[in-house]
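Trainee: As a plain string of letters, each chain reads:
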Amino acid sequence: MQDFLTQINYNAWILPALLLIPLAGAVVLLVTGSLTSDDGTLEAVPSARMIALLFFLAEFVVSMGLWWSYDPSGARWQATYDHWWIIPWNARLSLGIDGISLMMVLLTTVIMPLAVLGSWTSIRTKVRSYYALMLVLTTGMLGVFVSRDMLLFYVMWEIMLVPMYFIIGIWGGERRIYASLKFFVYTMAGSLLMLVGIVYLWNASAVPSMNLPASFDYDRLLAIGHTHKAALWLFGAFFLAFAVKVPMFPFHTWLPDAHVEAPTAGSVVLASIMLKMGTYGFLRFAMPLFPGAAMTPWVRTTILTLAVIGIIYGALVAMVQPDFKKLVAYSSVSHLGFVMLGIFALTLQSVQGALIVMISHGISTGALFLLIGMLYERRHTRLIDAYGGIARVVPLFSTLLVIVSLSSIGLPSTNGFIGEFLVLIGSFRTHPFFAFFATSGVIFAAAYLLWAIQRILFNALDKPENEHMTDLNARELTMMGVLVAAIFWIGIYPQPILRRMEPSASLFVRTVTQGSASVRTAARGDR
Amino acid sequence: MLQDLAAVDPHPLAATAARYVGLLPLIPLAGFLVNGALSLVPSYKRGPNDPSAVPHGHDAIGDDHGVSHEGAHGAVGDDRHEVARHPFAAVASVVGPLVLALSFGLAVMLWLAMAGASEMKTPYVQTFFDWMVTGDLKISWAFQLDQLSMIMVLVITGVGTLIHIFSIGYMRDDPGYPRFFAYLNLFVAFMLVLVLGASYPVLFVGWEGVGLCSYLLIGFWFNEKANADAGKKAFIVNRIGDFGFLIAMFLLFANIGTLDFTGLAAAAPGLGYNSALVTTICLFFFLGCAGKSAQLPLYVWLPDAMAGPTPVSALIHAATMVTAGVYLIARSGVLFAMSPTACITVAAVGTLTALFAATIGLKQWDIKKVLAYSTISQLGYMFMGVGAGAYAAGMFHLITHAFFKALLFLGSGSVIFAMHRAYHHTGSHEDAQDMRNMGGLKKYMPVTFVLMWIATLAIAGVPPFSGFFSKDGILGAVFARAQHGALAESTWLGMPGSAVLYVMYGLGLLTAFLTAIYMTRLMLYTFHGPNRTGEAEQAHLAEAPWSMTGPLVVLGVLSAVGGWLNLPAAIPLGPIGVLEKWLEPVVGAATVAVGGAGGEEVMSTEYGLIGAAVAIALLGIIVAVVKLKPAALVPKRDAVPSHGFEQVLEEKYYVDEIYDDAIVKPLVSGSRNILWTGIDRGIIDSLFVNGSAVLARGVGWVGSQLQSGETGAYAWAIAIGALAVLGAFTFR
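Respectively, the protein sequence lines represent chains A and B.
Here the first sequence stands for residues 0 to 526, numbered as in numbering that gives the first Met the number 0.
Here the second sequence stands for residues 0 to 731, numbered as in numbering that gives the first Met the number 0.
What the hints contain is simulated information worked out from the structure, not anything from laboratory work.
Some hints here could point you the wrong way.
To be verified - Label pairs and their calculated CB-CB ranges:
no.	chain 1	residue 1	chain 2	residue 2	range
1	A	K462	B	A541	34 to 42 Å
2	B	V663	A	V184	32 to 40 Å
3	B	V698	A	T469	49 to 57 Å
4	A	A222	B	V693	43 to 51 Å
5	A	G73	B	L22	34 to 42 Å
Don't be surprised by glycine CBs; every beta carbon is placed ideally from N, CA and C.
Generate the whole structure from the sequences, applying the supplied hints.
Mentor: Have a look at this one:
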């Protein structure tokens, strides 16, 4: 495999190709139909969704080469690509991946075809536009994960909002307008300060003595030394942008609304991939760029506290949700709390665990949303109380829902356990107090999900309209098969993934630790 | 490092059948996959609306006694009565028990290899592949075979095979037949992972895995809310214990950097003898045990777990899974031996649980509930043993208990089976598990009657039945620890360890007395006296088929002679202390560390202890026979409610109600009213998010008012502004 990839010079073109394939797909969709016309007719539906699926499958197949072409021993950028972009500002189209980006890119390319299959029969209006937006969204998300240029990153970060805004706002539920606006304004407000920070960084990157112009290049920005005060402000700006996206308690209230109103695939993409942008932002930017600020004791304690509150609070609030989708949305707050705990505990195990939680939350929560979508398509309600006892009517669905729930609960031998276990065992070394309370999350997770699946699958089959539900079809089984395979693969043999991420995770830990230490000594030396 | 050692000096088991230890859980796992597929495929093929699978006209569980869950399965209600033989029942009947028999065969081969190998001082460890390896954390999928895990494997696969065979008859006409065997097979697979795991995390896979299967099997008849509730309760209460298990693992790793048992043995002394750290670690592990093995205060799930089919109660909730906590402490002997405080705590909790559960057992009417509380009580004995550092005695009781309690549960299963059939024939809706509806069954079920009496004498501690020897071993050990050794010399909560242990010994005897009473009560009410089932039903009461009684006979023999596994020196009826010698390489050092090297009792004391134990057991039986009047009992529907302390016992000290009111309800309503509607929707969303939107709109409104389009207003504004600027410059 490696030989073949070298032969076709895979590393040189793969990243731009990954950004271009979805765009090309969007263009194809648009030229074969009009964006504005309501082309939800039966003739248009199959072709549009089939075109989209083909492009997403092509994207997936092409991206899989990264798994082999990526050198697991390397910690820094690989498969780099660099091209001029905005010359006066010295902004460049420079791309690259490390072990962290690698897994996020692959997660995206695996989830997206499934999201299309999840929309297969549920999207019936403006079909072309829908899939075109999904394709554009993919370019934006992948762009975030592979940008080595700060401006490019920001552009991709914002681009991604637009398609999601429309996906929720057009194909969403009853309160879609409120939800999409809330989503847009919330995240936009968070990111504007980050833009200010980026401009500041650009300005500070110029070194006149060495005749170096200002730049958005990630590695250049990394080398800038800041005063502690400036670093704190900059970190604050980045923190807000990313914390909203994660979402961290108390910046999370856009998520339940967005999830409930979004169409199934929108929720899947939102939960599986877009939430990871926030934690990715901390790993890539907020912490390595401003290690001294991030590791300031009060900052770190505050964030760790918010993370642990998020874990327990998210679980408790999830427990009392009458709407299954909202329940899963709040469970995301809880899971992402584990990620934040792992990142800020800053041990190799906890960071690796955080990365695994990012991946496995993408798989399990994506799967949960897909399953909820299947329920919704059959019964047009997401209220837990509308079901009950359906395990005997739809045994395949029920089996899958139980498996996916167990992985979300973190049963050992599923993916959920690996991430949480690594986060907790790593965090316990540096922050036993926080890890102790975070561990109690395993109890609440069992409480909310088991209670929910009991009320849906078990108990008396007492509602006549549930007695004639149809079980899953081949398309739905295929989608779930992929995800269930991933659940057990990561749960039983996560080593190939851990091995690929380890150098980058360890570099992250070193960068932040040493950066914060040198800042501290410098601060002592100055004053 | 281990592999290096092995290269230098090959392990005695290296070239034997032990190589195939990895197959042990894989065989039942294969059974799970086959049976699981069988349970899904036909329902898919035939379509979900098969009329035989979904009875119409559901009745809302009109059962006046919420615990008679067997009703869902069998013969009670007409519309709930699902006698639909699964199309693949025949295949499942072969595959389900066969994989167990194969595992048992392999286990016997391993045992022969181990018995044949001379001098096996170190465990045989087989590493398969990396699981979680990152930085200095190294966790592999690895199994460890030593004398302790061997014993457990034999019990699990041996008793498991018998229970699987029993299930063929018991579950025959259940529409979920392959699903039942799938779960049962999966359970055995996880249980084997639990006892074979070479590190705490791998053990934990089995630990939570068996909890999952327990959850699925308790809620096997999931269409009744009570059953589903019971399964969920078991899982969540166990998760509280697992929280402790996790914390203990984290503490271990943070302090000694390893989680496998080999590494632990080497590094444990570094934790410091009787340090706060090692005590904390042990107590968190014990929290896990309290969950899994149903000890105070986490025992509440086990009585509810009786909602599962009776073979499940026998296998999971009596013989194997619930003893995992005892196994964990024996496995962690090297840790517990370093903390007398933790040891005494374990023994004390065990003692209190044993007594507490035995008192509740005195007043239960549901035959399975009596056995459930009896199980909790007997598990308490086991913890008394391993807590006192008598690991071999604790494991001995674990084994004999697996025999006689499996027999009691399966025997009660036979009884319930017969009761169901009888009620089914007459279309009656009576409770088939309530002892008040039984009585005089010895006439109809003579085989079950005799076997149940053997098990009763065994659990009551009457010689020469197995339970006598194992219970005596524990009580004797506690008495010996009270006299000398590390525990006697330590202080526990400010009290001298010696005194605490003497009290435990006394309470242990008292519990033995109560055990004899409640078990005799069960036998009297079920098998003796007049029959209360009903005139019409009596004609249909009969012994179960031989596929069900056969396993009972085997268990009956084992319950009778199991004591010979570990005869005390005082009763030399055969080889002395076989089990103790067998386990010596694993737990010997820890036993010595807790109990001291000597441990040889004066023979006269020994005979005194034995005499006391026998006397108290016989006394209990006599008291029960004299005091209880089966003839005076009336069927359940005619019974009058009890009063005073009797009622408190019948209502199980109201612990469930207390937990519900003190923990569950406040947590749910707090989450709903304070966290969700209060903080989430109230403060964050309404005040901050939408509030800021309102604020922005307000500012915009003010701005829009300013742009009124009236030139006069603009002129004024310009004039005032100009003056202000001028003024500012002037008075600067």
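Trainee: Next step is simple, just say for each hint if it's right about the structure.
Mentor: Each hint tested on the structure:
1. Checking the proposed 34 to 42 Å range against K462(A) and A541(B) shows it holds: the Cβ atoms sit about 40 Å from each other.
2. At about 39 Å, the beta-carbon gap between V663(B) and V184(A) stays in the expected band of 32 to 40 Å.
3. At about 54 Å, the beta-carbon gap between V698(B) and T469(A) stays in the expected band of 49 to 57 Å.
4. As the Cβ distance of A222(A) to V693(B) is approximately 45 Å, the hint placing it in 43 to 51 Å holds.
5. Between G73(A) and L22(B) the CB atoms are about 39 Å apart, so this pair conforms to the stated range of 34 to 42 Å.
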